[in-house]
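Undergrad: Single-letter residue listing:
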Amino acid sequence: MSGPGPYRLPAGGRIDRTRPLAFTLEGRQLGGYAGDTLASALLGNGLTLAGRSFKYHRPRGFIAAGVEEPNGLFTLGSGGRATPNVPGTVVELFDGLVAARQNGSPSVDFDVMAVNSLLAPVLGAGFYYKTFMGPRRGSWMFYEPFIRRAAGLGRALHIADPDRYETRHAYADVLVVGAGPAGLAAACAAGRGGARVVLVDQDSEAGGSQLGEAADGPEEAWRRERLAELAAMPGVELLLRTTAFGLYDGNTVGLIERRDAHQPDPARGEAREVLITLRAKAIVFATGAIERPLVFGDNDRPGVVLAGAAQTYLERYAVALGRQAVVATNNDRAWYSALSLAEKGVGVTVVEQRATVDSQLLARAESARVAVLLGSRPLYAIGARQVEAVVVEAAGKELRLGCDVLGSSAGWAPVVHLSSHTGIRPVYRADIDAFVPGGHAATHCSAGAANGSLSGWDAVTEGHEAGLRAARIAGHEPGTRTAVLPDSPARTYAFETARIPELPRRGKAFVDFQGDVTLKDVHGAHQEGYVSVEHLKRYTTLGMGTDQGKTSNVNAVGVMASLRHLSVPEAGTTTFRPPYTPITVGALAGRSVGHHFRPIRRSPLHDWHVANGATMIEAGPWLRAWWYAWAGSTIEKAYVEEMRHVRSAVGIADVSTLGKIDVQGPDAAEFLNRVYVNGFAKLPVGKARYGVMLNDDATVLDDGTTARFDDTRYFMTTTTAQAAEVMSHLEFLLQTAWPELDVAVTSLTDQWAGMSVAGPRSRQALELALPGHDFTDAALPHMGCRQIEVDGIPLRVLRLSFSGELAYELYAPADYGIALWTRLLGSAAPLGIRPYGLESLASLRIEKGHAAGLELDHRTTLDDLGLGKMASREKAFVGRELRLRPALQDPERWSLVGLECLESGKRLRGGSILFAAVEPQKGHGRGYITSVTWSVELQKYIALGLYDGGLKNVGQEVVCAFPLKGEQVRARVVSPVFLDAKGERLHV
Amino acid sequence: MFEAHSAIQTLLARGARGGRDGANGGRALRIIERRGFTLTQLVLHRRSRDAGLASVRSALGCDLPTAVDSVAVTGDLRLYRTGPEHYWVVSSEPTTPARLEGTLPGELIAVTPLSSSRVCVSVTGAKAGAVLATGIPVDLHPAVFRVGQFAQSGLHHTGVLLERRAEERYDLFFLRTFAATLHDWLTDAALVHGYDLGSEAY
Amino acid sequence: MLRIPCPHCGERDFTEFRYAGDASKVRPAHGTDDLQAWHDHVYLFDNPKGPHREYWQHVLGCRQWLVLERDTATNTVIGSRLARDRVRA
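Protein chains in written order, with my numbering: chain A, 317 to 1304; chain B, 17 to 218; chain C, 46 to 134.
Honestly, I wouldn't trust all of these hints.
SDA-like, lysine to any residue: derived pairs with alpha carbons at most 20 Å apart [claimed, not checked]:
(1) A:Lys597 x B:Pro158
(2) A:Lys597 x C:Met46
(3) A:Lys1191 x C:Asp79
Hints are computed from structural coordinates only; laboratory data are not their basis.
Everything numeric in this text was worked out from a predicted model, so none of it was measured.
Kindly produce the complete structure, drawing on both the sequences and the hints.
TA: Put into structure tokens, the structure is as follows:
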């Protein structure tokens, strides 16, 4: 190729020409090599147009070779794998890669939205607050959809991602972030003493800045030696393609390892990304520095790049960005870039802001035939899709320099993000016009360019010292060897702060490329009063893109400081927060997706339910049998049939999910007496008692029963929903409030399977299934309990009822749960025994006015639920004092009532708001419905609810309003005990 | 006679060909349910701790462990100190829980049989530690978590007791009601390596 | 990613614990018949910037309750002890 713009050199670089790769760009087949990035491969093919800018849709090219790239964002892959907004400069090329540029309509090459450039005057910073506000109030909502469609760069997907994302917990003595010269030196130093070292680098190869230097020579030799040294240390782990995205408390660092280039197959369990949570004893930040561009007119033209990037493309990827280069700068480092270009045959002119420069550099420039202009700076670039020339000011005169690549450098900024994440703000160093870490925790340090050490081999010596120190912090002794330096001359970094850019005579001077924020926007923000850096950022969107202002923040702060006549440190900098570079939500989710999102608990009887016609439902963390096919074909029919069967014959329900707690010890009785509102100190052996527990603030925590099986052994049950809460509550009281009580509490929820046998024929069912044991009323009275042994297995039997029918709860060790259940079903078959599920279990109790989860909502009190009489007057209990607060004793509080539906053909709904029938329906109403069921015996819908003044209103008519469905149903307030008020069914 | 039913026996029966091949075609791991162990928890009452320790010594024929992270093995008994006064006694002898309940005095020691409350799954293979490190947040480096050590930690939002039985074997005690979901999680984590499934005596 | 030193198990990730608030108050003795004392205990607490003592329970580990001393401004963990061993005023 002999035209202007980038081209591949026939030899050199670190690419592997023996491994050519094929990829597609918007369907077009192109070629590259192993070792290329997508960016270098595109440039190697002569393609400079990398995308269209955010607002103005200006043609843009790559300006960088690394993560700081703001322009060249691509959508990679297709289907559910498509990933938008990926900088082409970090994409490791692989065979078959699919890529597309973004933000061009219909295409980046021919983009009609470029017309936005003409609208530039009305698209300045803050335009949505100013331009689209009229002509009427609410006009913004007319413009908003158009702007929304035009906004953004890549497109998000609405289809499932088939890839796998893995997680890993990791520990290390020393974490070294960055495998450049400082990091390699640190890892070697730390590893020598036997420390567990993890060295991470976001790149696909270790070397950092050295990868942009000549691929042969003494520096390369040094790099390979260090890598060999590390490979020989078994305690050292090198993680490439791994970004340290965040530093967190507890010396924990978040890392993401990318495996895209290996083309992982999720069907075989291969993950695309791995989120590693690494806890280190000591951390060395060797994160390097990022170059910033100069700001001048039309500095965003394709071909205007960072000087260091021009060098990297050449040395690492063997891609020359042009044949005629101008390098505009204020520092020595760019001179080395210029010399590297000249050595490979590119014609170079250096435009240097400083009046004088190191004589050795001048001499080298001369022998390399590099033209030099001192005391000069660029004013504006010329060109549309490709830079053609730059107009510079030199010695007071304007000069036009033809070029097809323009590398600029305003200096290098240490990458301080990670070390600042926990809140230590970076501080400004005037000598390099950049921010450096403002301090470190005792177990952290920075080394090399990250620390502001930009010249000589300071990076290596600092890295070495940091590694030694880190190893010692971690408790290892790494010895006192001195650092091995590369056998090549150190590079200087003489520097002069770049002159504050003036508004350009021609074209737009861009400060933030990705946000399309110009110098004029920064001036505008200042004029309008948005002068703090936080306001400047949010008003102009500078630094808010996916690159988070890596090439723009420092330039912007410099401009704002000068406008405000402040020093840069006085103007300040914004806060650094994780992630350092964008991370995928997939990596954060890991494998916790789909049915792995959260754990599901199964009852010991689960397999039987599934095999015998149960429809299962998720109830909290549990999977429970909701209803059974024998009872009907739909939930509505089945639960009613199951209820009818329990009240007329006998049913058996799985209650294994109830919380079960073993309470043992000399002080067990006293303990129970303190936590329940009613008396437990004198509970006899062989008896169970219903109890209610309050929180300290007197809201009801839970209800349940506690049975006493022998002198010091109690068996407590709790509701399913509150089991974990009650367990922690009991442990809290024993360990923090009453450590003098000798009581051991242990969860038995998993140990015992529980089943409720309920109905008029329940006693006979037990007698048939467990012959030889006495279940008569005298032997096992209501609320009695007994432990028996059947076939060598201990069983616990409690005569309790939730449904209001004669009923028993049986517990077997979970391993034998199904055995007991099937025996009961088999032996009692002649009685017509049938299983009943969660829906009917929860509905039967409504007919008896038993409060359950829907009533125990952590706001209701004992008195609200009509249980005030349970509160003992003889003893103290948790919540006793605050229960008597005037507000909680107010008779007008909403308290428990029953409701019966007055309109046949209509139904009541849980959550309905209650209004007195005689009043207009305004405001928040006088209460609400908590639980609803169809009553088989009463042949109508009934409900429990909380109502203003409670049972004082028995007999009154109310309206149950359900606004979400526009329903209103009349009902009457009645007692919550709908059946068998005297409890005769229990005492047979 | 009552028959025992394991929490994961249906899952194991359903497993295709007793396991799955990994990404490289082989099966690097064995994930085996260990059945038939007994588990009894002992909690010494604090007031009478020394008397309790003496009582256990005479009943078991050995001392309770003092270390909080290593398993004490005496004959058929494996003893874990799971809390300040809390201990697990694991044994393959089926009469152990009844024997302990019968011989240890309730005024000194709270004895709680818990054999059904846990499911034991062992993970064996060179990649066993790596697979567990994808979900358990303790340091499983072989030099840190040595053979004979155990830890109570979390896996998939639930508590598990993890024990390093041998160089390449880790035993996990799951809560029974979580066992199926955790087994599912484990086999998914092991997918890339390939695994064999099965059920064996403890 | 707070690392919490459990007095029984050693240092662990905070994900193994549940947090339960201020531990610097003294709970009124059981049976204290003083509404104001209970009200103040349940509803009033300081929110200091700096060292703070708070309750955590090692729910996925040994299930012990501990009192953790933590600097609320820097999230530095200063120390911990079993709640039941705490010296009571």
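Undergrad: Look at each hint and say if it fits the structure.
TA: Hints versus structure:
| no. | hint | verdict |
| --- | --- | --- |
| 1 | A:Lys597 x B:Pro158 | holds, 18 Å |
| 2 | A:Lys597 x C:Met46 | holds, 14 Å |
| 3 | A:Lys1191 x C:Asp79 | holds, 15 Å |
Hint compliance for this structure: no hint is broken.
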